[in-house]
Amino acid sequence: MTQLIETRNLVKEYVMGTNHVFALRSVSIAIGAGEFVAIMGASGSGKSTFMNLLGCLDSPTSGEYLLAGQNVSALSGDQLAAIRNQRIGFVFQQFNLLPRTSAQDNVELPLLYSTVPAAERRQRAVARLTEVGLERRLDHHPAQLSGGQQQRVAIARALVNNPSLILADEPTGALDSRTSVEIMALLQKLNRQGMTIVVVTHEQDIASFAARIITFRDGRVVTDCANTPRDAQAQLADLEQLGAVA
Amino acid sequence: MNLLATLRIALKALRVNLLRSVLTMLGIIIGVAAVITMIAVGGGAQARIQDQIQSLGSNLMIIIPGSTTASGVRLGAGANQNLTEDDAIAIANEVPEVQVAAPSSRSSGQLIAANNNWATQIYGVTPDYLEARDWPLSAGRMFEPAEVAGSAKVVVIGQTVATQLFGDMDPLDQTIRVKNVPFAVIGVLATKGQSMMGTDQDDVIMVPLSTARNRLFGSSQGKLRRVGTIQVKVIEGASMQDAEEKIRALMRQRQRTQPGQDDAFTVRNLTEMLQAQEESSRVMALLLAAVASVSLLVGGIGIMNIMLVSVTERTREIGLRMAVGARASDILTQFLVEAITLSLIGGFVGIVLGVGGSYAIGAFAGWATQLSPQSIVLAVGFSAAIGIFFGFYPARKASQLLPIQALRYE
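Each protein sequence line maps, in turn, to chains V and P.
If you read the first sequence in the working numbering, its first letter stands for residue 1, the second for the next number, and so on.
If you read the second sequence in the working numbering, its first letter stands for residue 1001, the second for the next number, and so on.
Treat the hints as calculated values from the structure; they're not laboratory data.
Just so it is clear, CB atoms sit at the ideal spot from N, CA and C, and this is done for glycine as well.
Any given hint could be a false lead.
Chain P is faced by these chain V residues, among others (derived, beta-carbon under 8 Å) [to be verified]:
1) F22
2) G77
3) D78
4) A82
5) L112
6) C225
To be clear about the criterion: a stretch of chain V counts as covered by chain P if any three or more of its residues have a C-beta under 8 Å from a C-beta of chain P, and this derived list gives those stretches [to be verified]:
7) 100-110
8) 188-198
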């Protein structure tokens, strides 16, 4: 399997006054294309820092990060912006949708920063929203959507540029458990279609939907093991049965 | 990301906070409107003074007799009737800068036509007089040199006199008795309006100089050819000062004034007086515009203020845009375009208000206003410049945010 992500001795150090804080101490990890990985750890374990580095939102203090074979640890701000635009789709805990902006316009946003013509932007946004089951909510503003629907808009936005990687930072942190399972089912479906997905979470429940779980503590990887993923779709069916009985 | 898309985003962002956007624009609107109105009012005042210069005749100088002392009593200027028709001829012939030198004498008297009568100013003039004053006729003709030489009893009347004596009737070829001497009306002067001092310049009749002297004014029988004043029109483009000096020298020579002795005449340069007045009104207009532009500046600071608030408020949005691929320059452009859009929309509304305001002042306050296209161009340029200048700092601040910090901003 080709390695989509490869980090070599990644170090991130923050200077706070005279204190040097190591958020990451030499992390070397490889993630292949098509994997579904959960990154776990308590707060302060360095998992969010690692996530920011993977997402090209931040640069490492030392070490190398290769994304699809390209070393991105020494690129300029504009080059990183282009990589975020073309290669990576983000899903955030707080959805981060533009307020008072329709679902369709929100999904089109990444395309505004590439060279896609307007007609194709619209068509791609509609296609992605259909894929996440929101084809009847195109003109709804975030405030008119439920939390789960908002997160699905965010996933459509992450997909719209055909990225090679989806980074989800606590994607279910603001959702109830049933909606969380729905979102995980959607991510599993995307994974089955070949999308590489990395989910950062501190919930064991959520991590158990992934095929590989990497645990961080104090800026280091402590465990990295394969997992037999639970099927979110099946669990949804169970929940529905329970609901019907109750 | 193209500019049109940026503009659409900017308009949308401004629409989302409509009230705030409008209030921000208000500063620019008031500033632009004030600048345009003030320049229009100033321009109107200037135009009025220029009209007065026009009505006086351009490049005009008046030579009037000096004072005289009789038995220790000093009489005022003009008391000494020491100018003659020959002086006027000499000035016209010997000073190259002079276009025409028109002698004139003035008196007043009663006019009678049919059953109407009217008291007015009577000017004894030569045909050159109208050229000196840039004063056209509205009907008929001016008298000819032959009629001046022959003391013909012909008269050219002003509009006011025409109205007073003849009403709606055609005054041409009618007979007026001036001081009981019958005159034929051969011409009617065009309307000249008020003079600088507010006297009605159209309340006048003109008769040949010789006729006035021999038949109406009844003083100084013919031989001395005395006149009250000489109006001198200087050739367009020639120096008024040179002309004035040469006339002065010539007159001193003709009047045999000893060196060191005062002039026995006065040369008044009326155009210069008016130009000084025009200059002062121009300064006034500039001052008004300067005060008005202070409000433009304040409006610009208002834009900067709101843009800074907006950048802070939308930090997460900026972080998100960066996360999905916006470069720093995209963010800079976005906020800059927003600021410029604010100030340009404000500028255009300001122009509409300013133009409306100028007309309103013209219509209700009765002030002459004159819109100048330059002031409108200036106002638009200025408001765009304000948008760029005051929008740049907030926009730059936004573009320099770090994506991870902006995303986590609460």
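Comparing the hints with the structure gives:
no.: 1; hint: F22; verdict: violated (17 Å)
no.: 2; hint: G77; verdict: holds (6 Å)
no.: 3; hint: D78; verdict: holds (5 Å)
no.: 4; hint: A82; verdict: holds (7 Å)
no.: 5; hint: L112; verdict: holds (6 Å)
no.: 6; hint: C225; verdict: violated (29 Å)
no.: 7; hint: 100-110; verdict: holds (count 4)
no.: 8; hint: 188-198; verdict: violated (count 0)
Violated hints, in rising order: 1, 6, 8; the structure is consistent with all others.
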